[in-house]
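Visitor: Listed here are the chains, written in short residue letters.
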Amino acid sequence: MQKHLLAAGLLTIAMPALAETPVLTVLTYDSFTTEWGPGPAIETAFEATCACDLRFVPAGDGAALLARVQLEGAASDADLVLGLDTSLTAAASATQLFAPHGKTPKTDLPVDFADPNFLPFDWGWFAFVHDKTKLPEPPKSFEALAASDVTIVIQDPRSSTPGLGLLLWVKAAYGDRAPEIWQGLADNIVTVTPGWSEAYGLFLEGEADMVLSYTTSPAYHLIAEGDDTKAAALFDEGHYMQIEVAGKLASSDQPDLADQFLDFMLTDAFQSVIPQTNWMYPVITPAAGLPEGFDAFRPAKSLLLSPAEAQAVRDAALAEWQAALAR
Amino acid sequence: MASRARPLSLIAPALAALLLALVLAPLAAVGWRGAGMSLGPADWAAVRFSVTQALLSAAISTLLAIPVARALARRRFPGRSLLVTLMGAPFLLPAVVAVLGLLAVFGRSGLLNQALVAMGLPPISIYGLHGVVLAHVFLNLPLATRMILHGWLSIPSERIRLAQSLGFGPSETFRHLEWPMLREVLPGVALVILVICLTSFAVVLTLGGGPAATTIELAIYQAVRFEFDLGRAAGLAGVQLAVGVIAVLAAWTLTRPAGFGAGLDRGLPLSAPTGWRRWGDGMALTTSALFLALPLAAVLWRGLPGLTDLPASVLPAAARSVAVALASALLATTAALTLALAAARHGSPLMEGAATLPLATSGLVLGTGLFLLIQPFAPPMSLALPVTILVNTALSLPYLYRILLPEARALQADYGRLADSLALHGWSRLRWLVLPRLARPLGFGAGIAAALSMGDLGVIALFAGERQATLPLVVSQLTGAYRMEAAASAALILVTLSFVLFWACDAGGRRAAA
Amino acid sequence: MLQLDRLTLRQAAFRLTADWSARPGSRIAVMGPSGAGKSTLLAAIAGFLAPAAGRILWQGSDLSDVPPGARPVTILFQDQNLFPHLTVAQNLGLGLRPDLRLTPADHARIDEALARIGLAGLGPRRPAQLSGGQASRAALARALLRARPILLLDEPFAALGPALRGEMLDLVRTVADETGALVLMVTHDPRDALALGGDTAFVANGVVQAPVETRALLSDPPEDLQDYLGRT
Numbered sequence: 210m211q212k213h214l215l216a217a218g219l220l221t222i223a224m225p226a227l228a229e230t231p232v233l234t235v236l237t238y239d240s241f242t243t244e245w246g247p248g249p250a251i252e253t254a255f256e257a258t259c260a261c262d263l264r265f266v267p268a269g270d271g272a273a274l275l276a277r278v279q280l281e282g283a284a285s286d287a288d289l290v291l292g293l294d295t296s297l298t299a300a301a302s303a304t305q306l307f308a309p310h311g312k313t314p315k316t317d318l319p320v321d322f323a324d325p326n327f328l329p330f331d332w333g334w335f336a337f338v339h340d341k342t343k344l345p346e347p348p349k350s351f352e353a354l355a356a357s358d359v360t361i362v363i364q365d366p367r368s369s370t371p372g373l374g375l376l377l378w379v380k381a382a383y384g385d386r387a388p389e390i391w392q393g394l395a396d397n398i399v400t401v402t403p404g405w406s407e408a409y410g411l412f413l414e415g416e417a418d419m420v421l422s423y424t425t426s427p428a429y430h431l432i433a434e435g436d437d438t439k440a441a442a443l444f445d446e447g448h449y450m451q452i453e454v455a456g457k458l459a460s461s462d463q464p465d466l467a468d469q470f471l472d473f474m475l476t477d478a479f480q481s482v483i484p485q486t487n488w489m490y491p492v493i494t495p496a497a498g499l500p501e502g503f504d505a506f507r508p509a510k511s512l513l514l515s516p517a518e519a520q521a522v523r524d525a526a527l528a529e530w531q532a533a534l535a536r
Numbered sequence: 007m008a009s010r011a012r013p014l015s016l017i018a019p020a021l022a023a024l025l026l027a028l029v030l031a032p033l034a035a036v037g038w039r040g041a042g043m044s045l046g047p048a049d050w051a052a053v054r055f056s057v058t059q060a061l062l063s064a065a066i067s068t069l070l071a072i073p074v075a076r077a078l079a080r081r082r083f084p085g086r087s088l089l090v091t092l093m094g095a096p097f098l099l100p101a102v103v104a105v106l107g108l109l110a111v112f113g114r115s116g117l118l119n120q121a122l123v124a125m126g127l128p129p130i131s132i133y134g135l136h137g138v139v140l141a142h143v144f145l146n147l148p149l150a151t152r153m154i155l156h157g158w159l160s161i162p163s164e165r166i167r168l169a170q171s172l173g174f175g176p177s178e179t180f181r182h183l184e185w186p187m188l189r190e191v192l193p194g195v196a197l198v199i200l201v202i203c204l205t206s207f208a209v210v211l212t213l214g215g216g217p218a219a220t221t222i223e224l225a226i227y228q229a230v231r232f233e234f235d236l237g238r239a240a241g242l243a244g245v246q247l248a249v250g251v252i253a254v255l256a257a258w259t260l261t262r263p264a265g266f267g268a269g270l271d272r273g274l275p276l277s278a279p280t281g282w283r284r285w286g287d288g289m290a291l292t293t294s295a296l297f298l299a300l301p302l303a304a305v306l307w308r309g310l311p312g313l314t315d316l317p318a319s320v321l322p323a324a325a326r327s328v329a330v331a332l333a334s335a336l337l338a339t340t341a342a343l344t345l346a347l348a349a350a351r352h353g354s355p356l357m358e359g360a361a362t363l364p365l366a367t368s369g370l371v372l373g374t375g376l377f378l379l380i381q382p383f384a385p386p387m388s389l390a391l392p393v394t395i396l397v398n399t400a401l402s403l404p405y406l407y408r409i410l411l412p413e414a415r416a417l418q419a420d421y422g423r424l425a426d427s428l429a430l431h432g433w434s435r436l437r438w439l440v441l442p443r444l445a446r447p448l449g450f451g452a453g454i455a456a457a458l459s460m461g462d463l464g465v466i467a468l469f470a471g472e473r474q475a476t477l478p479l480v481v482s483q484l485t486g487a488y489r490m491e492a493a494a495s496a497a498l499i500l501v502t503l504s505f506v507l508f509w510a511c512d513a514g515g516r517r518a519a520a
Numbered sequence: 195m196l197q198l199d200r201l202t203l204r205q206a207a208f209r210l211t212a213d214w215s216a217r218p219g220s221r222i223a224v225m226g227p228s229g230a231g232k233s234t235l236l237a238a239i240a241g242f243l244a245p246a247a248g249r250i251l252w253q254g255s256d257l258s259d260v261p262p263g264a265r266p267v268t269i270l271f272q273d274q275n276l277f278p279h280l281t282v283a284q285n286l287g288l289g290l291r292p293d294l295r296l297t298p299a300d301h302a303r304i305d306e307a308l309a310r311i312g313l314a315g316l317g318p319r320r321p322a323q324l325s326g327g328q329a330s331r332a333a334l335a336r337a338l339l340r341a342r343p344i345l346l347l348d349e350p351f352a353a354l355g356p357a358l359r360g361e362m363l364d365l366v367r368t369v370a371d372e373t374g375a376l377v378l379m380v381t382h383d384p385r386d387a388l389a390l391g392g393d394t395a396f397v398a399n400g401v402v403q404a405p406v407e408t409r410a411l412l413s414d415p416p417e418d419l420q421d422y423l424g425r426t
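Chains as they are written, first to last, in our numbering: chain H, 210 to 536; chain C, 7 to 520; chain U, 195 to 426.
Please note that the accuracy of each hint is not assured.
[Stated by the list, open to error] DEER-style ranges, computed between Cβ atoms: (1) 233/C <-> 309/H: 23 to 31 Å; (2) 302/U <-> 513/C: 32 to 40 Å; (3) 441/C <-> 343/H: 53 to 61 Å; (4) 302/U <-> 514/C: 33 to 41 Å.
Calculated directly from the structure, the hints in this document are not laboratory data.
For every residue, glycine included, the Cβ atom is placed at its ideal position computed from N, Cα and C.
Produce the complete structure using the sequences and hints provided.
Guide: Dropping the structure here:
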């Protein structure tokens, strides 16, 4: 163990740029590039086919990605951006920093999704995760949740993508009744955390009965920890989706290589890595099928606002949310 | 003598100007990229809540620290020096780690509620303004205690002996010795705590209980990340800075030099009154020790199981963090000493501001601004570690300055003329007068700077390239990937390393002063 | 020659003037009521207070821009003449080399000075381990080592008893004889002025009067000095 750590440390220091080979730079969120994330395996697989050097550049979390792209503007060294979600793609397209991909891939997404600038690479359903041993009968809808005394931890839509997802979920499911739902939920909410990891940490510490996460979260505990006590509560009104996408920057100096990566992204070599590293659904089901636990919690109904709708309703939904919860 | 230009008298204003530039230039860069600023009612609500919780946190931390510091100053008991060292631990915890530690004690299924339920009492909830203040007191009470304890130890024994010979009881001692010392020390202590709580983000949100508990920093996050409204971000950061300026001016007005004069370093402890005061001191010490130790024990307990199964990236990240911490601590100590010595000669609100305001800057705006400033000249990623060192230096300098200033003032008042008359300047003055007489606060301050630079995420998240992650970033990446157990262990390593750095500097300073 | 050339000193509303000169090697007691400005005068000569008008000259050159440590001056304050964290020998060493890079010859000189002043063998001690008289002696020993042509004494022996004070004045004379220094000594007590020998500059009503031979001055004091001495 000690030796491995040391070797990794030395390797880190002794990794100067490999000259001569073309470099493809992909801006993505932090957790994609970590040693336990999808990055390393995908890098190896793509570099085996492209005769290039693939570099992932981490830029904070998902929400920070778009800000980073805008900060860098046309001067960016990056060729691709990977990890935006559909609540941000309208704003991303509006920057005019992205180039159309010109592809019409066939995916296994449960909804129709087509965007001229962005291609999906994974997706998930938001869901409230609970511990079956402590909460055997979870509520089956937002209304049932509001009527119960089940406690939840959620994320702030102003700083976190799941938080924003929940906001759009309630809006997509209830429309004008959303403020009423939020008022009902107010006394169930233990606290609103800045990001996913704080909320999930509080839930694991027993601070709340349920936490806003993904339907695939229990699969992590099952596969990585051999723990089958976690479950996702299925809601009758359907579950909002998060689709994560990648897009090519117009300022890229490797447009062909970028196209090649986008094609690679929808092959089995990329897609089969996703489930057990990013803990999300791949957009094309791998040849070997999905890992154990990924089929355990499949909502009957999927909800998703189009990027334009999501952009349009966000500010009003946020104001409703704040008004309903500000006690 | 007043107007002669010594090298020091030029360096210090230059340094102050540099610090102010570091605070203001990124703000200006962000504001310039944005189109005009407009703050809505929600923003002002965030400002109100930020200021309220910061005022409460600062006032309560400072007031509670007084009895604890006094008990530590006048009692001798086994484990005293351990407790003093332990006082260094909480404020160097990463916010999320501290929150989880507190929840183990005060949370829904924490020790306190288990005890309450066992006694048939209703459980209490930690979420809300009181929880935010509780966490800030947990993080800052030890710092306040240590700073006030320094004040107590700096009352010359000659003055204590005089008091004892005049038959002063505890209340006279308080009035004539302790209160003047507190008048000098407390405003500065409250100031740093207020300013640091003003920019607190994760703690406030996690324990705040809902959107009503919103800080300026969260509004800045929203503006930069979801709306890319840099004008609004700069406006909010400007408001945050303005509140900091007001706090600096208020503390400047409230501070009164104690003017005890010099002593001969004869060790003479304060008299330790008996009776109910003895019990009071015991209570203060026991309560504070438990309040600090229980959450720390929880952090330790949570971190132990995962230690054997840590990802490989933890070790290089830890090495990078230690290097960053040592470099930042060295720079911050040098800079803060320069500023404090200059301010002890000729204090000015400008100097105070330059040495305090880095704390009031928004981390996100600072990072974003530096990014915008650096980008035209070099890829920001290539400068990740230097920028992190620079930012950590600026962010830990205010603590150091606050710790050094009262003692630098006393040094100047007591020995400034003698040193001048003996031509004790430059290196000789540093070697033979300043370093030996300020060893204790310098060691303590350097320890704090090192520990804070270990724990602080700073701006690394925005700059870090593929292979430049520091340990706090690895912790946050682990928590973001379900790996809570590994994260708790990495956090434990982070806390242990911070604590070892702090302890080494602090003990070194105390030994050098002995 | 020490020249106080139409010197005016100001501290807030307080104003003090002096316009006289003194030869090298003179011994001058500075006497006057409390608050008259005796210490202010010494602070100005030592370089801690810039003149509001006029000049202070030594051997014809203006001292205005000379920092305290570079002036031809050694000053002994009322207290705090020694750094408590340094040994007695180090405190003396500062008088030779502020960076304390002392040669064996320097150490020999320090030991000699300590012996001359009656502190033989006390070099390794810290000031807290000395009596008040011993601390004063140590400070005088440093003055001996520095051997600056002007020695300013701002009541350094005020806290000592009469016998001890007498001894100290003897030592001051010894130091002054050896270094040939001009001595300016602040005192309240005419007996100290007589013991010092030489002249007395009387300070009152915002003026430091030119020094006059002490014995003559005291035998026929002017009216304001009579008031101060309390004689009829």
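Visitor: Do residue 302/U and residue 514/C keep their Cβ atoms within the hinted range of 33 to 41 Å?
Guide: holds (35 Å)
Visitor: That 23 to 31 Å hint for residue 233/C and residue 309/H (C-beta), does it hold up?
Guide: Check passed, 25 Å falls within 23 to 31 Å.
Visitor: Taking the beta carbons of residue 441/C and residue 343/H, is their distance inside 53 to 61 Å?
Guide: Holds, at about 58 Å.
Visitor: The hint says 32 to 40 Å between residue 302/U and residue 513/C; measuring C-beta to C-beta, is that right?
Guide: Once the Cβ atoms are compared, 38 Å apart, the range 32 to 40 Å for residue 513/C and residue 302/U holds.
Hint violations for this structure: none, all hints satisfied.
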